[in-house]
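Q: So you can see what is in the structure, the chains are spelled out below.
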Amino acid sequence: MIRGTVIGQVWATRKARGLDGQTLLLVAARDAEGQPTGRLVVASDTLDARVGEDVTVAFGSGARNVLRPGPDNRDLLCDAAIAAIVEGAG
Amino acid sequence: MFLGRVAGTVWSTVKWPQAQGLKLLLVRPYRVGDLPPGAAAAAGTTASEPTDDLVVCADTLDAGPGDDVIVAFGHAARVAVSEKLAPGDKPSVPIDAAVVAVVDRVEIPR
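Order-wise, the sequence lines are chains A and B.
The letter at position 40 of the first sequence is residue 40 when you use our numbering, and the numbering goes up by one with no holes.
The letter at position 95 of the second sequence is residue 95 when you use our numbering, and the numbering goes up by one with no holes.
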């Protein structure tokens, strides 16, 4: 997983069917010291994260488990999802 | 997933049969410094950073050079592509990146 800050939202009409209904947020990644790395990630959001909030983003099967926990989620189109809204890090 | 701009197309004739008919695009990932100033402010950075490597992506949405797209990696990429292929091809498509959306709008509050 990575930690980052939500900086915006992405909208698309022409998309793969599997993305229908997903909210896609733009997250700016942060490094171990909490500094922005410049890298951007597009992540599915189920937690109503808002712009400016720090979040963790899970990838791969971990991301699918955010959208639908369990072993039968390999039909989901999701490789990155907001897994938590961060309140503090030290 | 990441946000990027289509920079070009890749052709190949020698490839795994499962990949026949798949269009391949070159996509350059956006970084914070490429977006409007509001994005850098929200991310807490003003530095201009080096550009990432280009990513070769399968495309089933007919994206073209200049389009802004969302690209998914890994299993999600194969799920996206398998929507357009015969059911039997699903697990065997040898790709790990695919265009999953052509972006209309990126909303970054000021």
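These aren't lab readings, by the way, just hints derived from the structure by calculation.
Take these hints with a grain of salt, some might be off.
Said to hold, decoys possible - No more than 20 Å apart at the CA atoms, straight line, and that leaves these computed lysine to aspartate or glutamate pairs for DMTMM-like:
1) Lys15/B <-> Asp68/B
2) Lys84/B <-> Asp96/B
3) Lys23/B <-> Glu107/B
4) Lys84/B <-> Asp75/A
5) Lys84/B <-> Asp20/A
6) Lys84/B <-> Asp34/B
If you're wondering where the values come from, they're calculated on a predicted model, not measured in any experiment.
Q: Does each hint hold? Answer for all of them.
A: Tested hints:
no. : hint                 : result
1   : Lys15/B <-> Asp68/B  : violated, 27 Å
2   : Lys84/B <-> Asp96/B  : holds, 16 Å
3   : Lys23/B <-> Glu107/B : violated, 29 Å
4   : Lys84/B <-> Asp75/A  : holds, 14 Å
5   : Lys84/B <-> Asp20/A  : holds, 16 Å
6   : Lys84/B <-> Asp34/B  : violated, 32 Å
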